[in-house]
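Hints in hand, dock the two standalone chains.
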Amino acid sequence: MPTRKKKKPKLAVFKFASCDGCQLSLLDCEDELLLLADAVRIASFAEASSGVLRGPYDISLVEGSITTLHDVERIREVRAQSRVLVTIGACATAGGVQALRNFRDVKEFARIVYARPEYIDTLATSTPIADHVKVDYELRGCPIDKRQLLAVLSALLSDRKPSIASHSVCVQCKLRGNVCVMVAHGTPCLGPVTHAGCGALCPTYHRGCYGCFGPAETTHTGGLEWALVAAGASHEDIARTYATFNAAAPPFRRAQEEQLVQIRPKEGGRG
Amino acid sequence: MPVVLAAADLDALVQALAGRGYRVLGPVARDGAIVIDDVRRAADLPIGLEDVQGPGRYRLERREHDAFFAFTVGPHSWKQTFHVPVERLFQIRRQQDGFSVIPDAAPRQRVALLGARACEIHAIAIQDRILIHGEHPDPRYAARRSDVFVVAVNCRRAGNTCFCASMGTGPRAERGFDLALTELIEPGEHRFLVEIGSDDGAAVAAELPVRPANPEEIGAAASVSERTAAAMGRRLDTSGLKERLQKNLEHPRWDDVATRCLACGNCTMVCPTCFCTEFEDTTDLAGETAERTKRWESCFTLGFSHVHGGSVRSSIKARYRQWLTHKLAGWHDQFGTSGCVGCGRCITWCPVGIDITEEAAAVGLPKKDG
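In the order they appear, the protein sequences are chains A and B.
The first sequence begins at 1 in my numbering and counts up one residue at a time.
The second sequence begins at 1 in my numbering and counts up one residue at a time.
Isolated chain B, as found in the complex (with noise of 0.2 angstroms):
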């Protein structure tokens, strides 16, 4: 049963996370924006913030209420936390008689997601499948998995940018969680309805001042999630439309969009499931060290494609090709899913503006001239 917690006593389940020894992660306002990071208290959170959004546009802007979470997803994902953005894998050091590897050792981390929208929820299960469950398994990736504890959040509003509702995947989380809390904001009165998603969540809960949420409770979380269904900025038609992009790769939309992108690499960077990355051995001027790095990568640069004899995707125009019919169609034939949990991020991120939603549906529709 969902239980009620009172908007003046969301510090009691941040400091409860916080003393099963849960580094606590959330929203946070810094620099403009919305952006993941420590959360030590209910207060660091961007109270009374929202975001208004807008292919290639992004605002904070304060309002007249005090909501903990009335924005949407910022430039930050929990990609970060995971799949981070760098990281040193081994060293190997000279030695008289040969050398020496020393791997970096396993990342350990016991981390509370404060806020995971339904979207993000997703988008980790995705990255999961590829990256724990898939044919190339990353250990480093599953040890920072190990230990975590989500509380998602319901989404008041949806982003002009947003389209969860369209890729089935929000606005309203329906699995993936130990908590998930709906804000209800009425006159007089600030609550969040929790539900509870595990049993870590129940024993959280536990210890939380909360009481049983009446029947009213519930529907008007059911509503807020409604609302925001309703109010979903962008829409993407996706029946058939696996078939219709790998159908129609020699569109002209592909020529169009290509004198607009610019192959900055961007929409990759804040994608929440995009994962591909580089390798770096570098070496020390004595020549004693060597180490090994990695770092995300995007299918957006020409060193992604190249190899013997250069880039095989040399045109910006292959390029945003490969990664919208990769995330949009080939992800099902390859992973089983979509790639696009329809948070927005690459909409509103790219410098330009390229809708994902607007290019996929003009390449979805048959040539004008044929």
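The following block holds chain A by itself, in its conformation from the complex (with noise of 0.2 angstroms):
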């Protein structure tokens, strides 16, 4: 059996608009970080280093939201270098908490946060890099689990296709035997309707779910209301716990509006 390939694959990380917290992921996996430094030539990785490699890039991790023009632009010639692009976290997958701006005016907040608002070049919305690009491979997550970033690459060092679950964070939970804490304790949780990956890591520590994953496959968050109410939960909590990470996530961003037109008639019947 032949031994893998000696050159090695470069991987290069690109940033937008994000807080970089994904890619720190990528320095928090410390017991595989000098594995992966082995594996792979990091060929552009700011956080982690000044050095460039030029591309074509084989791996590249593309972490945040476009929101500029020049973004737009940079992630066709990042796509253009790159063979494989993974998106990682809520900001590249889903616009991210930035895409809040999506459903305002966004001159109105710049008139508000900048004393020379004339300054701000932005786009009114902040989207995902695949509204602009063919992605390969996304993973989700505020910010991404270091595991699955690490199971990705493994698997496309060894030309495999990544095995990364879709269903809800409720087979997690499951899995770890933990007892749910929306049946049990009343706590509002989203795991129904969440994407797996993190490993059930809120409810774990008995604290509901907050959807940071974003919706997973064929989610239905209409469904889930009853549960929510049920459990304490306004209308207006509800509405709020959609709008975080991946308010712009269409399931998502519609249950927000399900819940928003159930609080609005009884502000008119109070003004």
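Among the hints, a few may not be true.
Covered stretches of chain B, going by a simulated chain A footprint (3 or more residues, C-beta under 8 angstroms) [stated by the list, open to error]:
1. 153-163
2. 291-303
3. 331-341
Calculated cross-link-like contacts (lysine-lysine; reagent style BS3-like; alpha-carbon spacing at most 27 angstroms) [what the hints assert, rightly or not]:
4. A/K7 to A/K146
5. A/K161 to B/K247
6. A/K146 to B/K294
7. A/K146 to A/K15
8. A/K134 to A/K15
9. A/K146 to A/K8
To be clear, the hints were calculated from the coordinates, so they are not data collected in a lab.
Where a beta carbon is used, it is the ideal one built from N, C-alpha and C, also for glycine.
Set out below in structure tokens:
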């Protein structure tokens, strides 16, 4: 059996609108970091080194969302230089928390926040990478799970298709033997409609899932409303919970709108 | 002949089992529920606790009694003990002249189940039928099942989501145990009627401070089971159910349940008979080692029915219908038994409280508009 090909693949990390937390997951790999450095040539990774190797790249990890015209151009260049493009984190896969601007007037925000708003050159929306270029694999989460990152890199290094489950968080919770926080404690939890990958981190520590991995496959947020309300969550609470890191992911956006519709008449009544 | 063990001497049973080298697993209160974990002494049991269950709801409450087994079944089942959630099967290591396969050692465990309920004993028997005696035996499951001592407990209460009486699986354990306990609580007297179900059971009982049971005690234990049977929270009419379900695959109720079902998979995970698994192969960064892992899978995931071209059951309706009709009808064709033991876990632990008894009954009725 032949050993793996001698030439090490080139790995590059690119950042768009984001907090850097996901690419830091790469440095957080600690035990595996040296193994990874052994297996790939790190061609571009600003958080770790200022040295940059020119493309093309075998694997590109892309963090962040597209929020400027410059981003739109740059992601096309990244795509052109990348054999496999993997988006990492809620910003890159759903637009991130900054996608809340998509539902408001971004010019108004700029006026409130900046002394000289005319210096701000930004798009009206924050959009996921996949809205602009072809994405080969995506890793969800805010931040991503480092075990998933390693699993994907290991698979790509072996020319194997990565296995990334897209079912609910509940499956992982039950595999761990956790007691359901919603059924047994009455804690509102988005686990049933949220994409797995974190290993049911929050419920394991007796907290409700707040959906940072975004919608699971065939999400059914409308069905979950009953349970969240039974657990004491108001429509305002539910709307706010869906309006976080994956606010612009279509199923979560719809879920948020469904809740807002139920709040508005009450507000009208009060006024 | 049944014997009687004073409740104060229950610890003698735990110690007798531990003394024989059994890892004693039983009910323990943790994280607001009764789960299955190690029991080192009788005092570890959830004394005085009762569970209050309903569709999508479970709460533990303390009562003014010192009963050891006043609760019903919790989120865990013995499935975790034998058909474990995640296990590695083998590793493959690269070598200069090829590769070597290193299978994981056959699991060895000597376990005593303390407090298995009648429905759970039936569930274990159903999994045995499939995973030991079926067409595709699982040697690792069989190894885990090979050295097991079962202490059954006859339920004193029926939960709001219990329907074992409808499924003919309880509440009284008739067989499949080494010892069966019925807890008898009367003013000033707290004891267990102990029935002996095997030679091993008789040998353990001989080590305990027991005396022969009198007819009143035997009668009292029978009344406990009768009262529990009469107090079932749910019922399911099983007459002709298989045919009724299989004839109604296009019933509008499937559309209705699909508006509520989240396809989260909780029902299948907590079901003590659901046995489906997924295999996952992984490699390490260096490309030197690969391994294969098996884990529980659910027919509610898209991946479950993924074949070339996509998922066969892409709608939630199709997945719920598959689960319910397989559990209550298809199992009869495939395994000669229902897949449901009436434990009610899928009702309690469904986040939105979908009730299998209600759905099955509704589908089994003729369509309103034809």
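Which earlier hints turn out false for this structure, listed by number in ascending order?
The structure breaks hints 1, 3, 5; every other hint is satisfied.
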